[in-house]
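Read top to bottom, the protein sequences are chains A and B.
Just so we're aligned: 162 in this note's numbering is position 162 of the first sequence, and the numbers increase by one with no gaps anywhere.
Just so we're aligned: 1239 in this note's numbering is position 239 of the second sequence, and the numbers increase by one with no gaps anywhere.
Keep in mind that the hints are not guaranteed to be accurate.
Stated by the list, open to error - Among chain A residues calculated to face chain B with C-beta under 7 Å, some are:
1. Cys-63
2. Tyr-80
3. Asn-94
Rather than coming from a laboratory, the hints here were simulated on the basis of the structure.
Where is the CB? At the ideal position from N, CA and C, for every residue including glycine.
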Amino acid sequence: MIELVIIGGSAGSFRPVCDIIKNLKSDLNFPVVFVLHRLKNVNEGFEEILNINDPFKRIIEPCDKETIIENKIYLAPANYHLLFSSKTKFCLSNDEPYMYSRPSIDLSFISASKCFKKNILGIILSGANKDGANGLCTVFNRGGKTLIQNIDESEVKTMPLEASKNIKNPFFLHSKDIADYVNKLK
Amino acid sequence: MDKDFVFLEEAELKEITSFLLLKFNLDFSNYTKTSLGRRLARVYNLYSLKTPLELMNYLQRSEDNLKRFVNEITVNTTEMFRDPEFWKFVRMELLHKLNDFNSIRIWHAGCSTGEEVVSMIITLNELNILQSTKIVATDINLDVLSTTKSYKFKSKDLEVYKSNYLESGGKLNFEDYFLIEGDSLILKEKYRPTNILFKEHNLATGNAFSKFDLILCRNVMIYFDEKLQSKVLKLFKESLFKKSYLAIGRKENVSFLPEAKDLNCINNKEKVYQTLN
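So that you can see chain B by itself, here it is in the shape it has in the complex (with noise of 0.2 Å):
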């Protein structure tokens, strides 16, 4: 019987990176090594592949292996309020902090497939200040941006997001702000934001664009390595106004980084930190 690939060694993984670099320009040289060689040999076994060269045919194939080949490596996990007590804290203390309550812009940097956004969405709801908050949602992957747009769910997750929302301070009925479609969980068109901007960006060679009150990015930065870490965070720096906020993931660290200096850790448990003035 074949196994699994769990780790590709470092060795192909080179390989692998430089291959990307070269043909299709993709650049992950600055993706932590670990948990790249994971993502890595999870298409190795997705596709049924065991070589390098057996990937690089498969991407050389079609576009369309190269994009889904993409969406595999950079796709990650998400759910509706995951991590209940940051939410709590968003709800509860992190919004009303903001410099003017009723003009909040908000960058969801790494959207992925929306989950985050809608809890934001749901949030400010309940909070009276969703139509005058701006909120722009951002994504390396324009397929997962399309699926964040359509608002679109699995329904199957449905109870993990209710327990979460109302872990998080929810007083409401969750499923009053869905339609439930067949597997899927539509967010009610009364409930979508008109102030909201979806747009590609790519955190590793973007510039900085705008201005935020309040920057969410978590579990995204934990991929890169130091020196794509600092950059990022030098990106986030530039797109905050001063005694704005930045949420990273709650395992995710900073502080050790040379260009986290300026930035003051207000709430360590859950990773948000404030730009000076």
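Chain A on its own, in the form it takes in the complex (with noise of 0.2 Å):
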């Protein structure tokens, strides 16, 4: 059983990370998570452009020890790390960047992965750094389940490759197919 989908992306993600977005059913029984490497200072800019018209659609970037509610989909805050307490509990960090990058994916992945154990998938999307690939790493050992978006048609490949080396006959898919996988999970 899928308790939580966290998504991992940088150069290049934008695109998917709208299609994935625009294409997730509304009824999840889940929560997704987003934690994308953005502009320091650019807040809910990234918020309004990737915001749908569609209420169940509305992208929160969680305050520090916010509940997390199913069904909902998150966005790591600009200039802090996004962890989990708990399987119902966000716990954010004002500590230094790791891999270069705050939000940093592996600290979030392997957070999560604490939390959630087996009851997880993970995604790396297109992306500059090797940051994420540690993150997904955990989750793969832990038993949870990970995809990788092709890297063929990632726009910049080294995330989603850097990714693929530590994991045993990797997952891929076309970014258009994402969210249709994941509307499948149960």
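Starting from two chains that each stand alone, build the complex the way the hints lay out.
As structure tokens, this is what we get:
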């Protein structure tokens, strides 16, 4: 049973992120969390651009200790790390960047996998650095599901390529098919 | 190859926190477990430690080790004019709202290495109220307080600070505030306020010591659990005049705490609260 879908992306992930959000169904019974490298002081701008006129798809940039609600879409706020204290509570941190990144995809994925164990799907999209590779590997090692954007189709290939290196038989999907896959998860 | 530690397991965390309390009277029991687990893992990597026992031995070896450890656990990242939109609000609105614009009392609680304090000094200077404002800067950590007192910053971050400053509504030449010496950025003497006090203060154990018109405590309480957050919020309320202000980090949230019921959130985006009459 999947209780959380967590998606990491960096350079070149904007279009796949939009595609995924647009095509997610509105009655998912788990939360979907995006951890994206973003410009430091661009705060609500990103949320507004991504906002789609479906109230179920309002993108929430959670505050520290905010309750995690199923069927909501979350985005890690700029300039903070997004961690998980439990299956139901976020924990933000102001720690130094990790893998040159804040938010760091690795920290979010590893923290999530500690709380959700095998009941999680981790997805890595296009990006220009190695952040996310360890995180996805941790999700995999703890029995969670993993999915990587098709490398040929990724605008920037480093991140999906690095993420695929530590995973046995990595599962790739074209970004257009990712939402459909998530929609069918139970 | 040894892999880096990313988070410590809860059992290890428990072992270490109870050791710190028993042996050194350092109380981390009201810190958020997830972020403390991350900070301790970071210390493990820094000092090449692998087990709680190795950390305990390291801490008992010398007082310097203990001091370094406390610094690593508590010191956090900060920058001048962090969140420029917040500083724009301070410059354009908040300072103008204060009870007596000409004699303002400001407390920087958890001032770390002073980047926030110098951002305030620059903002006050440009509103021509620097010399009539009383500033108190406190931190738990004496080492970072002495850094704050030296008004010395890293010049490698100059470009970030400058762009933050401009975005926050600063109109002057940012570099004019500083002397650049090697890799240091030093606030010029003439901009250093006379009416400023640097003071050691532990938010977890300290009491109210004065009254203020504005308290800034940004991204400090984020590391505390609800119990300690409530305690600190109570301390802040005792330290504020009526109709005075508290600013916390933009993604912190105290609204759900019972202690917050007599605080009015005047800017939800920048998380600025006001005490009632």
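How the hints compare with the structure:
1. With its C-beta approaching chain B no nearer than about 4 Å, Cys-63 of chain A sits inside the 7 Å limit, and its interface hint holds.
2. For Tyr-80 of chain A, the shortest C-beta to C-beta distance to chain B is roughly 5 Å, which falls under 7 Å, so the interface hint holds.
3. The beta carbon of Asn-94 of chain A is positioned within 7 Å of a beta carbon in chain B (closest approach about 4 Å), and the interface hint is therefore held.
Hint check: no violations occur; every hint is consistent with the structure.
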